[in-house]
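Here's the letter readout for the chains.
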Amino acid sequence: MPTSDAATGQRARSHATRPPDARLTTPAIDVRGLRFHYPDGHEALRGIDLQVEAGERVALLGANGAGKTTLALHLNGINVPDEGSVRIGDLLVEESTFAEVRRRVGLVFQDPDDQLFMPTVGEDVAFGPANLGLRGADLDARVAEALAAVDASQLADRTPHHLSGGERRRAALATVLAMRPDVLVLDEPTSGLDPAGHRELVEVLRSLPMTQVVITHDLPFALELCERAVIIGEGRVAADRSTATALADGQLLARHRLALPYGFDPGHVAPPETA
Amino acid sequence: MGARHTHPLYVHGHSRVHRLAPEVKVAAAVAFVFGVAVTPRQALWVFAIDAVMLLVVVALSGIGPRFVLTRLLVILPFIAFAFFIPFVGSGEQVEVLGVAVSREGLWGMWNVVAKATIGATVSILLAATTEVPRLLTGMGRLRVPATLTAIASFMVRYLELLAGELRRMRIAMASRGYDPRWLWQARPVATSAGALFIRSYERGERVHAAMLARGYTGTMPEIDERRATTGEWLAGALVPVVAWLAAMVALVAG
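Protein sequences, first through last, are from chains A and B. Per the working numbering, the first sequence runs over residues 1 to 275. Per the working numbering, the second sequence runs over residues 1 to 254.
The set of hints was computed from the structure by calculation and includes no laboratory data. Hints are supplied without guarantee of correctness; some may be wrong.
For each label pair, taking beta carbons as the anchor points, the in silico distance ranges come out as [claimed, not checked]: (1) A:148 <-> B:187: 48 to 58 Å; (2) A:63 <-> B:196: 20 to 30 Å; (3) B:45 <-> A:144: 53 to 63 Å.
Facing chain B, from chain A, some residues (calculated, C-beta under 7 Å) [said to hold, decoys possible]: (4) 76; (5) 107; (6) 161.
Backbone N, C-alpha and C fix where the C-beta goes; we use that ideal spot for every residue, glycine too.
Input sequences plus hints: build the corresponding full structure.
This is how it looks when you write it as structure tokens:
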């Protein structure tokens, strides 16, 4: 089975030949030799190496069951590696650093109903920063800031099950932004969104300055949002290159059960203006 | 905007009763109901005082008598049962509308009807003026264990989601021609209940992971809200204290 392709080699070389000053800065995410198996014995990750620079937006692509979500859950210590290491900035993810890592890495789950568990959106957004010890006016300000960032200030008093899919998604994003994370990890953020909700989400994400890792099957979305695409296959990094070149490689996509929508040609799409 | 629609028993409003701190309302409601419960059944004047006080609070809350009366219908099945007591009771018989009934039984019926009506009205009033989240906050401040209030809060949040999942499953079954009429056709119902349980369990795990990801360490952070003032406690204590005093006087005198 394909474990890597020529592109991985190219990428590795381009890393090695980078000017030395670029390598002095600590990457926002540094995953090395990560292996993980689930209690039922299924080996989900078989040696992942991945570096993401601060401020970069990376699309994590791959078939269902390739290990994308499993990898995401390692980035803030929900899953703990069998082998290898995960660093967030200068911090090694281990039990003693969970609290700080979870502040730095905001995870937006696939189903907003898993994320929004409090009776109202406002209380839900307050949950994270309250765990960090914020209270009173500071907490209120933080909640207001996070809701404003996703254009959802009017949802503060609403109860999650009366929101539309798009509102729920933005509320879930706000709950994480309230932690002021350095890294945002989104698991299939466009699933179940109508086209307008999709558009609003893209605009919100493009307006956010932090490092973003976006798990998605939605290739046009990946192309619009992320300059770089990492394809995970069988628990390894199978390809790591620019999103435009990855999407232009039909064989690569087919190998990883990815497919472009009918009529979509990444070669004929103007690149999004850089934010 | 701002309507939370948390439950169908809530009536949106800004009355003095709505504004009272939730812990005061919960404590006052419980204390008042206990006061009514210990009142001797023959002390009609005590029930009269209780009823008048309750009506005054209902009037202050602005939720409207119609709302209370229609919600009160839920106690009818229980009261209907009480109406049999005079006919089956033993002891001295009296005639009511030409029918011989037990005097003891009549008092028994009165006891059930009066206390059930007052008790149900109190809970309707509490629910109508307090949103569920605030109700839970109030219970938490009254030292109800956090685990219990957390469970109740999760139940409130996920009940509709569960009901929605169940509804979709039933629609999916019905779409494939399933129309159970007999007990031996119930197997798919049992299977779907099992599936619902597994789904809920897995959702529980995902919700927990999402909470951990936001720094949850095992205790819910108490997000400061306005605490009850001494004035509120005094106002809230008024009704139950009068009810208890009256009940005590009736007990001692009776």
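Hints and how they fare:
Separation of residue 148 of chain A from residue 187 of chain B is about 52 Å and conforms to the stated range, judged on CB atoms against 48 to 58 Å. Our hint of 20 to 30 Å for residue 63 of chain A and residue 196 of chain B holds, since their Cβ atoms are close to 29 Å apart. The supplied range of 53 to 63 Å is met by residue 45 of chain B and residue 144 of chain A, whose beta-carbon atoms lie about 54 Å from each other. Taking 7 Å as the C-beta cut-off, the interface hint given for residue 76 of chain A holds, the closest approach to chain B being about 6 Å.
Against a cut-off of 7 Å between C-beta atoms, the interface hint on residue 107 of chain A holds, since the closest Cβ of chain B lies about 4 Å away. With a cut of 7 Å, the hint placing residue 161 of chain A at the interface with chain B holds, because the nearest CB-to-CB distance is about 5 Å.
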